[in-house]
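Model the full assembly from the supplied sequences, consistent with the hints where possible.
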Amino acid sequence: MERNTIFHQTRLQLAAWYTLVMSSILGISGLGVYTVVAHAYHKSIDQGLQSVAKVLHKSIETAWQQPGHLQQLAKELSLQVCMTPTTCLPKTTIIKQPIAEAANQVNYYIRLLNRSGTLFASAGIQFEKLPLTSSSQHWQILTDSSGTRYRQITLPLYTQNQLSGYLQVARSLTDLDQNLAYLRLTLILGLPVSMIFVALSSWWLAGRAIQPVYHSYQQMQQFTADAAHEFRTPLAAMHSTIEAAIKLQQEPKSNSGILDVLKRQNRRLSQLVGDLLLLTRIDQRQLIEKYQPCCLNDLISDLIEELAFLAVETQVILSKQVQVSKKLYVIGNEEQLYRLISNLIVNAIQSTPSGGKVTVFLEESEFYALVKVQDTGVGIAPENQQRIFDRFYRVDSDRSRTNGGSGLGLAIAQAIVQAHKGSIHVQSQLGRGSTFTVHLPF
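In terms of full-length UniProt numbering, the sequence shown opens at residue 1 and continues consecutively.
It is worth saying that the hints were derived from the structure and are not from the lab. If a hint is listed, it holds; no wrong ones were tucked in.
Listed next, the in silico DSSO-like pairs over lysine-lysine satisfying Cα-Cα at most 30 Å (straight line): (1) Lys-54 - Lys-43; (2) Lys-290 - Lys-421; (3) Lys-290 - Lys-326; (4) Lys-327 - Lys-421; (5) Lys-357 - Lys-320; (6) Lys-320 - Lys-290; (7) Lys-372 - Lys-326.
Next comes the structure, spelled out in structure tokens:
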């Protein structure tokens, strides 16, 4: 797409909006992923911690109510029992029992508190000055002096239905914090990289999106320039003729020729305006309600008779070859179909030198009626074949103006074909002629 200030700015704005919207979506999505993952981690840790705490609580509470319970618990859980904050008994060798394995899992610790909340026994991982907390809180997150976080659950212990102590089971959150820190780093670094790719993709997508609009804009500019050029020629001729008429007012006999020129130029302008209006009506699909069964055999026969004088005048042999044994009908607007085939035949005659041939074929395929207009004219260069259906486009500008063509004939033909859900294409070789083929659905 060629650089155009208006469209370049529009493309920048579209790309910026795409980038902003996608970045917002990615940011919100990243935050959502982080929240969901963190919640899943915490829920998994709480479930595991609660499971271990229930196993320990059931066993400890049973032993808690028996005489000599401290020695028994120390033996089963490898507890370090402290009679005072500074006087502790040595740990007992662990007996490998399920309760002992649960109490001594990696990253776990347990603490036993009396009814007043004083610590007198602990087991599991070592921590740095972890504070004792209110035994009334069921779930807590604690942080020791080294910054390590712990998730703790507190369960009450009863003796003869009387509160006699508390069991606290906690798990280190070091692995959780490391995993979440890695996830945060990944998201923080990944978002800018993603935004770069989004920005590049947005620029490319904006270009793709604006390309049809820019193409239409170019066509409008070309159409305006061509229309102005087409109107300028007859208007200039009419202006010169009027000036000549003013100078020749004293010679009435000269007025007749002047009026003929004015009439001819007026007819040319009227035809040009009519062609433009027809294209507009076709583009706006204003003629669909007039569709009815149309016999192509009769249309072609009538056109061969009507244009025979033009072929004779240019010394071109005009003929038809109807290669079907029955009448071929298509649903469409008869006036438009008549104009379609007429434009193709007139274009072929004007492109064919004296002594050449123009042949109209009517054929039938499985789902389509085929109309072919073949000539032995000058042909069309490959680089021009892509543009011959553009409005006001002429392969040979001088020859077309001499023959009175406006450059709208093939454009009208293509518009009519497309309005009838058909297709048209051309095959041509320089010096050997051209063949226009129209497919019209039944």
